[in-house]
Amino acid sequence: MKALLRRVTPWTALLPLAITVLVGYFGAALWSLFISMTSSRTFPSTNFVGLEQYERLFDNERWQLALHNLAIYGLLFIVACMVIGFLLAVFIDQKVRGEGLLRVAFLYPYAMSFVATGLVWQWVLNPDSGLQNAMQHLGWKDFTFDWIIDQDMAIYTIVIASVWQASGLVMALMLAGLRSIDEEIWKAARLDGVPVWRVYLSIVLPMLGATLATVFVLLSTAVVKAFDVVIAMTQGGPGTASDLPAKFIMDHLFGRANLGLASAGAMVLLLTVLIIVAPLLYARSRRKEART
Amino acid sequence: MKRRSHFTPARIGVYGFLLFAAAFFLAPLYVMLTTSFKSMDEIRLGQIFALPQAFSLNAWRAAWSEACTGVSCEGVSGGFWNSVIIVVPSTILPILIGALNGYCLSFWRPRGANLLFAILMLGAFIPIQVMIYPLVKLEAALGLYSSLPGIIVVHIVFSMPMMTLLFRNYYAAIPLELFKAARIDGGGFWRIFVQLMLPMSVPIAIVATIMQVTGVWNDYILGLVFAGRENLPMTVQLNNVINTTTGERLYNVNMAATILTSAVPLMVYLISGRWFVRGITAGAVKG
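Protein sequence lines correspond, in order, to chains A and B.
Heads up, the working numbering is the position in the first sequence plus 4, with the first residue counted as 1.
Heads up, the working numbering is the position in the second sequence plus 103, with the first residue counted as 1.
Only chain A is shown next, with the shape it has when bound in the complex (with noise of 0.2 Å):
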């Protein structure tokens, strides 16, 4: 009795990772699998397709615009990011005054949700009221910055909203990866008469690989996530201009009862997201095998 009391009470207490892993996981995602091939709208059908949903979603002008938005929205946020994250990471290690104050003046608009970050940049960026009026109320009279307005370019808006948010992220972690560096290849690269510039670029950048691949894999989650940050600056205009899937697959869900098309969406944008983390967690798996 007391053997047994002893193999179940830890499955007991595991009961609740075992319902969310197999209930909230496993079964919501077979559960929209399954819709993505029914012809459901505003209820969920059993009526099999097969891939339908699939042929009609990219046939969808909206879903292609999407798509494309994410892909430039993905590469400029993740560069972006990673550029300057690493820049600040540098030039802040170079032993300067202030330190405190300048980690906290790049990090803090991590702490606020991407619907206040969009919010205050939707704000800056409003040609009638922010920066374009000020610097034409300032004497610069040919002054224009009105991409939020613009069709072709309102996505670059929520870029830029974008890395202003989490750059500082990118900037902590990359700090705290050159500071776990030995000080030895700087006495080393200096008694050889390496540039400074040259030794971050060749020696200290390979070596942050871990990290570099830490922050790739976060980021690009957030790249697939990224929803509130458009609700909150464009509601994805003008017009539908600066979509991204996640709101196209709210919509379908929510406002325009379309089940079957927004189940098949979120699968994509699931495999997306598997093909782009997949290799990095088998590569690290890999790694700590390999380690230990």
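None of these hints come from the bench; they were simulated from the model.
A hint or two may mislead.
Claimed, not checked - Pair by pair, the computed Cβ-Cβ distance ranges are:
(1) B/F152 / A/E59: 48 to 56 Å
(2) B/M303 / A/D156: 51 to 59 Å
(3) B/Q298 / A/T16: 12 to 20 Å
(4) B/P306 / A/R11: 44 to 52 Å
(5) B/R212 / A/I153: 31 to 39 Å
(6) A/L105 / B/R214: 50 to 58 Å
(7) A/A192 / B/R212: 38 to 46 Å
(8) B/R212 / A/I23: 13 to 21 Å
(9) A/V198 / B/R114: 16 to 24 Å
(10) A/H72 / B/K240: 54 to 62 Å
(11) B/R214 / A/L55: 51 to 59 Å
(12) B/I374 / A/E188: 32 to 40 Å
Being a predicted model, the structure only gives us computed values, none of them experimental.
For each residue, glycine too, the CB sits at the ideal point set by N, CA and C.
Starting from the known structure of chain A, arrange chain B on it as the hints suggest.
Quick look at chain B alone, frame taken from chain A:
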């Protein structure tokens, strides 16, 4: 390290770059603060970088208790309290469950649990959109949808990978001998957890609290979908105040409301300082 402290062109370049970057990052905060103290007449002049001429707190009062969200005009104060009511249980419960999971996985290691943990960690990468509708249906069937328990359960589900990971990694650093000694002394499953492990978990619990409070407070999409009209969190109300109003936009009120909504996570960040960064770092090093 290799650096000299006297002023050289390179030094000036370093400070120039850092100050320029700091200006970029601080500019929105500056604009938010100054705008919130201005009157609408002053805002119409269109100089967002100017300091307020007449310092006024009216916009803050309006944002807190009068701003309209389409139908009602009660400001964001209601959302503030809703968020508090959501955040407290959505912080305590996930931390307790995460600690329990970590304890089980690190010391008791029941067969199959590690596979479950691996799937949980993969689940952290599933886009919310994949799970949101099935969870709505499930909660509706259980009578939880659009209620306070409903949103709390959803927060527990979505925070479980991170909370479990934090505690599992923390307990992995505790020597197994300690656990074995407690077992020999006759400690049972729950007794070891409550009397030995939990008191040792204070540092990681602080990190977890910081992450949960800021994460749940800043959440928008889950609150929008699962909390229901009566419990809408502050972020959702803020967005409603700003993006659903018709007529002239009261920028001073909007900015004050935005600062009020960001105040709690910003305070958490400023007070916790390096702990905040520790949370990110601990969370970032998955697995």
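Outcome of the hint check:
Checked against the hint of 48 to 56 Å, the pair B/F152 and A/E59 passes, with Cβ atoms roughly 51 Å apart. Against the hinted window of 51 to 59 Å, the Cβ-Cβ separation of B/M303 and A/D156 comes to about 57 Å, which satisfies the hint. The beta-carbon spacing between B/Q298 and A/T16, approximately 19 Å, falls within the hinted interval of 12 to 20 Å. Between B/P306 and A/R11 the CB atoms are about 32 Å apart, so this pair departs from the stated range of 44 to 52 Å.
Between B/R212 and A/I153 the C-beta distance comes to about 58 Å, which lies outside the given range of 31 to 39 Å. The supplied range of 50 to 58 Å is met by A/L105 and B/R214, whose beta-carbon atoms lie about 52 Å from each other. At about 44 Å, the CB distance of A/A192 to B/R212 agrees with the hint of 38 to 46 Å. Taking 13 to 21 Å as the suggested C-beta distance range, the pair B/R212 and A/I23 conforms, at roughly 20 Å.
Checked against the hint of 16 to 24 Å, the pair A/V198 and B/R114 passes, with Cβ atoms roughly 20 Å apart. At roughly 31 Å, the beta-carbon separation of A/H72 and B/K240 lies outside the given 54 to 62 Å, and the hint is violated. As the Cβ distance of B/R214 to A/L55 is approximately 39 Å, the hint placing it in 51 to 59 Å is violated. Distance hint check: the CB atoms of B/I374 and A/E188 are about 37 Å apart, consistent with the given range 32 to 40 Å.
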